[in-house]
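K.L.:
Could you build all of it, start to finish, from the sequences and the hints given here?
Protein chains in written order, with my numbering: chain Y, 1 to 324; chain Z, 1001 to 1324; chain V, 2001 to 2378; chain B, 3001 to 3378.
If you are wondering where the hints come from, they were derived from the structure by calculation, not from laboratory data. From a predicted model like this one, the values you see are computed outputs, not experimental measurements. For each residue, glycine too, the CB sits at the ideal point set by N, CA and C. Hints may contain errors.
FRET-style restraints, in silico, Cβ to Cβ [stated by the list, open to error]: (1) V:Ile2330 / Z:Leu1282: 47 to 57 Å; (2) V:Gly2130 / Y:Thr190: 27 to 37 Å; (3) B:Thr3005 / Z:Asn1305: 48 to 58 Å; (4) V:Met2001 / B:Thr3005: 20 to 30 Å; (5) Z:Leu1282 / B:Glu3336: 24 to 34 Å; (6) B:Glu3283 / V:Met2001: 17 to 27 Å; (7) Z:Leu1282 / Y:Gly43: 56 to 66 Å.
Derived EDC-like pairs (lysine to aspartate or glutamate); straight-line CA-CA distance at most 20 Å [what the hints assert, rightly or not]: (8) B:Lys3357 / Y:Glu304; (9) Z:Lys1302 / V:Asp2278; (10) Y:Lys312 / B:Asp3355; (11) Z:Lys1046 / V:Asp2278; (12) B:Lys3155 / Z:Asp1021; (13) V:Lys2029 / V:Glu2313; (14) B:Lys3155 / Z:Asp1051; (15) Z:Lys1046 / V:Asp2243; (16) Y:Lys312 / B:Glu3336; (17) Z:Lys1312 / V:Asp2272; (18) B:Lys3334 / Y:Asp306; (19) Z:Lys1302 / V:Asp2272; (20) B:Lys3074 / B:Glu3314; (21) Z:Lys1050 / B:Glu3159; (22) V:Lys2334 / Z:Asp1310; (23) B:Lys3074 / B:Glu3283; (24) B:Lys3357 / Y:Asp306; (25) B:Lys3029 / B:Asp3355.
Stretch by stretch, here's where chain B covers chain Y in the computed footprint (C-beta under 8 Å, at least three residues) [said to hold, decoys possible]: (26) 84–91; (27) 295–309.
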Amino acid sequence: MAQMTLVQAITSTLAHEMERDSRVVCLGEDVGLNGGVFRVTDGLQKRFGKDRVIDTPLSESGIMGASIGLAIAGMRPIPEIQFEGFLGPAYDQLVNHAARFRNRTRGTVTVPMTVRVPVGGGIHAPEFHSDSPEAIYTHNPGLKVVMPGTPTDAKGLLLSAIRDPDPVVFFEPKRVYRSFREEVPDEEYTIPIGKAKVVSEGTDVTVISWGASVFQCLAAMDELPEDVSAELIDLRTIHPMDSEAVVASVEKTGRAVVVQEAPRLCSVASEVAALIQERCFLRLHAPVQRVTGFDTIMPYAKLENDYLPDAKRVGEAIRQVLAY
Amino acid sequence: MAQMTLVQAITSTLAHEMERDSRVVCLGEDVGLNGGVFRVTDGLQKRFGKDRVIDTPLSESGIMGASIGLAIAGMRPIPEIQFEGFLGPAYDQLVNHAARFRNRTRGTVTVPMTVRVPVGGGIHAPEFHSDSPEAIYTHNPGLKVVMPGTPTDAKGLLLSAIRDPDPVVFFEPKRVYRSFREEVPDEEYTIPIGKAKVVSEGTDVTVISWGASVFQCLAAMDELPEDVSAELIDLRTIHPMDSEAVVASVEKTGRAVVVQEAPRLCSVASEVAALIQERCFLRLHAPVQRVTGFDTIMPYAKLENDYLPDAKRVGEAIRQVLAY
Amino acid sequence: MPIRTVYQATIEHTQILDERGVLDPALSKPGTPGILTDEQVLHLYERMLEARAVDERAFVLQRSNRMYTYPQNKGQEAAALGSGFAMRRGTDWIVPCYRENAAMVMHGMPWHHIYLHWMGDERGNVVPPGVRVMPIAVPIGTQMLHATGIAWAAKLRREDAVVITYFGDGATSEGDFHEALNFAATFGVPAIFFCQNNQWAISVPRETQTASETIAQKGLGYGAACQQVDGNDLFAVHKAVYDARERARAGGGVTIIEAMTYRLGDHTTADDARRYRDQAEVEAWQARDPILRTRVYLESKGLWDAQRQRAGEERAKAFATEVVRAAEGIAPPKPEEMFDHLYAEMPPELRLQRDTKRTSSLGQDPSQAGLRSEPQRA
Amino acid sequence: MPIRTVYQATIEHTQILDERGVLDPALSKPGTPGILTDEQVLHLYERMLEARAVDERAFVLQRSNRMYTYPQNKGQEAAALGSGFAMRRGTDWIVPCYRENAAMVMHGMPWHHIYLHWMGDERGNVVPPGVRVMPIAVPIGTQMLHATGIAWAAKLRREDAVVITYFGDGATSEGDFHEALNFAATFGVPAIFFCQNNQWAISVPRETQTASETIAQKGLGYGAACQQVDGNDLFAVHKAVYDARERARAGGGVTIIEAMTYRLGDHTTADDARRYRDQAEVEAWQARDPILRTRVYLESKGLWDAQRQRAGEERAKAFATEVVRAAEGIAPPKPEEMFDHLYAEMPPELRLQRDTKRTSSLGQDPSQAGLRSEPQRA
Ligand SMILES: Cc1ncc(C[n+]2csc(CCOP(=O)(O)OP(=O)(O)O)c2C)c(N)n1
Ligand SMILES: Cc1ncc(C[n+]2csc(CCOP(=O)(O)OP(=O)(O)O)c2C)c(N)n1
Ligand SMILES: [Mg+2]
Ligand SMILES: [Mg+2]
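P.N.:
What follows is the structure in structure tokens.
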């Protein structure tokens, strides 16, 4: 076991898989010699060569569309989009092409690729560098959407993503990249896409989150009165969602809070709330609370902490559903 | 008063506003001599000239981005995107630029434009011509999203949209374009963006819908037993949503069904369900039911009617919430 | 030097078989690589007749409600067949738009799949095993990036495969055209960008689409090889693609070819081209119909005559009837199929929607077993 | 004619003030329009010193945590100022990226706004009334379409305004570059596309970005006028933009200018360029520093000397201190501001979020007045 940050876990997993499978190539802006702006692909070009770790032109639709072609022709491309804010130019290729090929060809043309994208706020980056667009790629059918919150999960989910026969959007929460280290098992293991993780068990309220927000939830739970027993679920996969895990937990607790960085309207939090009220209606003691970013543009760095849900807001929501 | 189809109501409103305000220009693929593929701009180029009704290159990001520039420089552009499936290439300019300029310049650079987009299924069009992406443009903050379901609403909302100081996505349900005529008042009137319409009042259940699906809801309500009194709300504006109207109705009925063509996950229906359970929790007798497209790609024409919610599915959902 | 020339370029237009059906002797000198033989021309002429017949039948089917919107290929057969014939079936890739049906079929896509596509049936996009033809691409310009990626894979894997992608004059205005060509040229992938410049993008004429003098010169900005050819000239089209393919195989990278042709029909069956273009223009191009031109050539060589023409047209019609039969002989798709191919493995919630589709409003019927507390698993 | 030339093009590179600070006599002949006067050069030289000082101060601020990520402009001052000076303040439009601060400021954007932007404060994008400068554009390539639209508006309204838009070599790979140039050229709008080719896009060198020999030739595919200039030559840059502006005003449409320059600093303060580029290359370009070259020229004309240089540098430093003071002297933004400018009129639900932001988890506190059944109205 080695102590690793999220970045290190991803780097070493990419290396592992490139070693194992010669079809795997990494491509994107600055991923080569520079190792990516977050250094996630650091050292990989040196190790695997310029044909496997490829600096591309500054061209997100190009990266996405060419990766689709690579995948169709039998490669396992891992395109990196430098920040989630630059998924915009690649949107059409991702949701209208990567996501649709299998279905529209009845399984005869497929796109096994893993789109790596740093995501979310909290690192005081410039504008367009702090968004959380996971709902967009969940609403559009045909993609899988993953967002690991820990180095250990990242390793297992990334292996699953690369080996998945379908396109996976692999969101990497920037705030977690180097925020802590943990023991990551040395041996190969996969974590199935579509399985949530119960971070801590509880009986009074279910807190559902993913990505960097999980840590705000943990902080909030630390502040709860001794006698409150909260269950924390890290979805890890946004789509397909582990509805079973969510429903099972809320069936037990009867109360739920969903926490995300993204704005509220038509979001993953909306979906979770809608799902819970559908499936757990008679068990619910209080409305599902959504603690989310606001329905405005993610502000620039000076105000970003006022936008992102923090432990205080999460704690308050928990107290509200308990007091309802 | 004249009998008009939805197409006619939009055409005559565009003409009205171009007459009144010389800053208004229509632009897009085939909108000129050809009058648009749905003939919505038919005759306008002849009447207003090639500088006001402009055929553009085949370039959606170009249309959107250039319209942003036109709007910033004092024009009132009305770009047309030929089908909602081709919003993809314009996505970045729409959600990251049109939607953000006012906020990121603290009100000093603004984008008053109305993006006209035919939307939805049911006309047996080729693939990529039948989607319903309204949730996408609602989740991304900074746009207004309108979808009129009748000629009368279209006129009033289109006038509001063109005069709105902010970017409006004006979705035109293709299925309704020529499906019926109604009396449209001759005089100028506006319908405020953000106000829903109670199509029919009722006390037992609230049915919430928009666009072409409203007519499936009406058909379903025709089939309900005499003693069931259903209230039908046509949102007309998706964003900003008329939460007050929805909440007021469900406070009265205690039951709700939301109907849309779009897939379910992270959709407007999810948002409405989440909203209702938040605001009307103690009044709800049954979970809010979502009748939606499925979480798969809109199928080609042969199966599209199996995908789109129809009166049968709506009726069943109503009966389910009543029987709960 | 205060002012110095840093770049110079020239674009040439090639025609080998002229409008009167006469072959240029210099360009077709015996032994010139890529010049079609008589036998090949005869073969391709029969394919042209078939393509035209199937195309015209589609129009009839649409008008009688047996097909939805259909984009006619009429007038562009030389461009599709001349180019397709220069590619090697099963090795090279065809990445089409929707106006080169004959090229798709030449490389193994069944004709009736093309019908099925426009009949609103996804099974029209099924690519048979071993066939290297991508499905029809409706969103304009997008397929060129897939072609680039496929060609890139061939290069990375050192496969001897070349990719040709087709697109219209209108498609060159899309950002994806630009990004695809730039990627292709930058990485030196074995790709051929074949523009069917049929002078119109629905109602928008070529001059409104772009201010450049030619489409071919658009390749200059990427360092691609650029050429314009008479797109109704089977010989010139074939030769240009042949050369481009050889160049690509030799590591010479990407070529853009602009084939000057014309859409003799409406944009699609939903269009009425009389609204926006002159009949005189259409007639001028009708006189340059590639089928006509090829026929005159074959007749001048004594390889064809009126009687063979009648027989050929009969065969083509019968062929079209077979295609109709194949397309219409398939049982309608089952609603469940819309769920079956979204992912390799169906997620539980999707399975729930599939399994309850016929019985509930949306997989949410609380009366269904275990639904409320335990979603049913795959 | 079987093979005929349908297009020919040439791209020229212009240098007027050479690396040794010597002016080309032919190109700078008295009376040549667009050649800077001594007075103008002196004025611009002082602006260069200011720009450099403000830029270097930003670096220091970032390193001491008083600013977030900042992209240095160092080395590109001649490109920014020579081009900006050819445009008319208040009439023409400046549509920047982020490496032409001095051009923005020359046209009325306050220097401290640029600081505020990189300090993470939206007020840095506030455009003062009457100023025709667009805010800094971070998403690469996107601003060129806005420039096209603004220029188009000028044309439609018959205003005598020309728009210049700035972008890097990397930006030319984006689809928006293509669509913007194609729109601009097709509609003949008065726009100048000014590429600051500083040889790198973060770590990606120009040759990896595109296989074309020059960036300027990318304009050929649109029918634009194309030119390459020495971007560290104040005279050549100014002259090229001056001519392009005159051409645009005369209805001659769009020009693309490639200014050959170099990013002397890291990409941003978050970057370490030593990871990917040779020190030798950097040093070679340091010798071509535009400030140095302009100074040598001024000295050769007896207009400048070491003493004036010291005084000028002092003034520039003091100026930078003023800019810091202006940027840091502003009260921090209030959290509510994030809601206040999303729409002209705040929708009720957004107002609810704003008004309950400090007191509830998300405008959903059931204890707040009327919240559950009657959302509070604006
Ligand atoms: C991205 C996109 N935008 C718009 C359309 C609608 N549309 C279909 S065909 C067409 C014109 C295409 O012109 P061209 O590329 O010249 O091909 P042609 O039809 O002439 O063969 C348009 C605008 C589309 N299919 N995709
Ligand atoms: C659409 C988009 N993709 C990626 C980025 C990240 N990024 C910021 S600057 C940059 C390189 C820009 O290079 P160039 O256009 O040459 O401008 P320069 O920085 O050299 O002035 C990249 C990739 C971005 N800001 N926007
Ligand atoms: Mg065309
Ligand atoms: Mg650069």
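K.L.:
Are any of the numbered hints broken by this structure? If so, which, sorted upward?
P.N.:
9, 13, 15, 17, 19 and 25
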